[in-house]
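Protein chains in written order, with our numbering: chain V, 1 to 223; chain Y, 1001 to 1223.
There's no promise every hint is true.
Stated by the list, open to error - Restricting the straight-line Cα-Cα distance to at most 25 Å, the calculated cross-link-like pairs of lysine to aspartate or glutamate (DMTMM-like) are:
id, chain 1, residue 1, chain 2, residue 2
1, V, 105, V, 181
2, V, 170, Y, 1071
3, Y, 1170, V, 126
Think of the hints as simulated: they come from the structure by calculation, not from any bench. Predicted model only: the values in this text are computed from it and were never measured.
Protein chains: 2
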Amino acid sequence: MHSGRKQDDGERYRTILETAARLICERGYEGTSMQEIAAACRMTKAGLYHHVQNKEQLLFDIMSYGMDAFEQQVLDKVRDFPDPVERLRECMRLNIHLVTGGCSKEVIIILHEHATLTGEARAFIDSRKKNYVRFLEDAFSEAVRMERIRPVQPTVAAFSFLGMVLWIYKWFQPDGRLSAEQVANEMVELLFTGLVTPAMAAAGATGTPVLSIVPPKVAGGES
Amino acid sequence: MHSGRKQDDGERYRTILETAARLICERGYEGTSMQEIAAACRMTKAGLYHHVQNKEQLLFDIMSYGMDAFEQQVLDKVRDFPDPVERLRECMRLNIHLVTGGCSKEVIIILHEHATLTGEARAFIDSRKKNYVRFLEDAFSEAVRMERIRPVQPTVAAFSFLGMVLWIYKWFQPDGRLSAEQVANEMVELLFTGLVTPAMAAAGATGTPVLSIVPPKVAGGES
Chain V
1 MHSGRKQDDG ERYRTILETA ARLICERGYE GTSMQEIAAA CRMTKAGLYH
51 HVQNKEQLLF DIMSYGMDAF EQQVLDKVRD FPDPVERLRE CMRLNIHLVT
101 GGCSKEVIII LHEHATLTGE ARAFIDSRKK NYVRFLEDAF SEAVRMERIR
151 PVQPTVAAFS FLGMVLWIYK WFQPDGRLSA EQVANEMVEL LFTGLVTPAM
201 AAAGATGTPV LSIVPPKVAG GES
Chain Y
1001 MHSGRKQDDG ERYRTILETA ARLICERGYE GTSMQEIAAA CRMTKAGLYH
1051 HVQNKEQLLF DIMSYGMDAF EQQVLDKVRD FPDPVERLRE CMRLNIHLVT
1101 GGCSKEVIII LHEHATLTGE ARAFIDSRKK NYVRFLEDAF SEAVRMERIR
1151 PVQPTVAAFS FLGMVLWIYK WFQPDGRLSA EQVANEMVEL LFTGLVTPAM
1201 AAAGATGTPV LSIVPPKVAG GES
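Excised from the complex, chain V in its bound form (with noise of 0.2 Å):
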């Protein structure tokens, strides 16, 4: 998939993405033009299409600098968990943060203007989200497989489990009565202890949190 950037000023390229993105995610992609964005950029308008060939390229970029953002800060870094229930609690953690930080922008991009590209840029973005369904789905089967979780459906248990992340940037506020930190550490449990309440926890003889009290298992043993 050709990015159409530019090796030699990639800096100004991703400030230039950074702009747009701010923008679209503002107007909407169609409420937005090459014209508003070049302004906004400091630049004119031929300027920008130094750096950029057309409108639909710099939103495919714009969705892969958000693809990628995603891949680099939440999927590489919990990839490698040997437990599955540690992978998907540590993979929502950082997915919020993504959501409620720097990225939300592109984020929202990605997630209102899916049907805005067409072709083979829309397939390849399609096919990179497909790939974080399947992580999920994968991660939970898994769980369910070495009975660290109850089981559940994985395809179910994915869409919750994004629906639930994902839903952050309609209603999250930075400045609000609530961080990002507290989001995500309620959101996970919610998801991994559910709403049991403090009687049944404590019928597991402990204080710490419900998952914590069954061992993980070692992989491969049938049921």
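The hints should help you fit chain Y onto chain V, whose structure is shown.
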């Protein structure tokens, strides 16, 4: 809020809303013209304007129709459940059926075109949405107060519930391998019993779901 609807041809108007909702859902609000909506309704544009003032009024009426359906089919059915956990579980189940069923296009439009309405119309739809968030927060708070669930932050719990349920429109396929019923059952258990293992459930010494072994308490007592 004036609805623009003429009382004597309510049925006709409902068909127009259904048709317009289908088009806007497929092509987006900006990508759908009144001319196209009229054609799909087998009317002239002048005929369409006999029923509706303008396109924004039409969008508002589609959203109101979706909110009416939601309130009738979900909220009104669970509002009076005395037990907050049963209220929330049934609410989630009914909302999932709404999202996966006949009203999915109105729901998509409410979610996707949230920034398209302006002024009073937007404030009115927003306030109906906020009522739902508050209903969920109140139910989670009440469940915590009654010790029916462990202490959770009610806002995070409410938006986790909403994220799981409303994200469904992004991935669920009515003719796919998962039925709406299966998604509803899985998702309710996912949030309300979490991922605790069968071993943990067994520690409660019964085969019944984790939550049901903790009897509801009479409200009012401190902690």
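Results of checking the hints against the structure:
1. V:105 to V:181: holds, 19 Å
2. V:170 to Y:1071: holds, 21 Å
3. Y:1170 to V:126: holds, 13 Å
This entry satisfies every hint, going by the numbered hints stated previously.
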